[in-house]
Amino acid sequence: MVRAALIILLMSSVASCGLFGGQRNAAKRAETENVLPFKAKLSKGEDRAFSVSVVHKGSGVAEVRESVRFEATKYCLLTFGGSDAEWQIDPATRDWAFAQDGDRLVFRGECTAL
1 MVRAALIILL MSSVASCGLF GGQRNAAKRA ETENVLPFKA KLSKGEDRAF
51 SVSVVHKGSG VAEVRESVRF EATKYCLLTF GGSDAEWQID PATRDWAFAQ
101 DGDRLVFRGE CTAL
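Residue numbers (my numbering): 1 to 114.
There could be a bad hint or two in this list.
[What the hints assert, rightly or not] Simulated DEER-style distance windows between Cβ atoms:
{"id": "1", "residue 1": "113", "residue 2": "60", "range": "24 to 30 angstroms"}
{"id": "2", "residue 1": "45", "residue 2": "100", "range": "16 to 22 angstroms"}
{"id": "3", "residue 1": "58", "residue 2": "82", "range": "32 to 38 angstroms"}
Honestly, the hints are just simulated from the structure, not real lab data. By construction, the Cβ of each residue, glycine as well, lies at the ideal position given by its N, Cα and C atoms.
Please take these sequences and the hints and turn them into a complete structure.
The following block contains the structure:
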């Protein structure tokens, strides 16, 4: 009798885990506390690589950096468990390398979390 009650208790506790699964999915919609000045969009690449594009409205790397960094940090953290990213660096400026695609700046990086 005790064994049956214990089994039922264990089964009901495991079954209730699905009730709280929505909290875990809420992290997929992570948002910053402050409004970021530019809308950035991340595209997954091969393995741990990614690219982030942002409409820059005439602004440079310094102005769009936080918007780009937020998307990369969120992606790396939720996908690989760590927030660190290594960005492609322009050897001439020693700053983040980017390509211009119309009104967008496109940055490339790779998640470094193991």
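Going through the numbered hints above, which ones does this structure break? Give me the numbers in ascending order. Those not satisfied: there are none.
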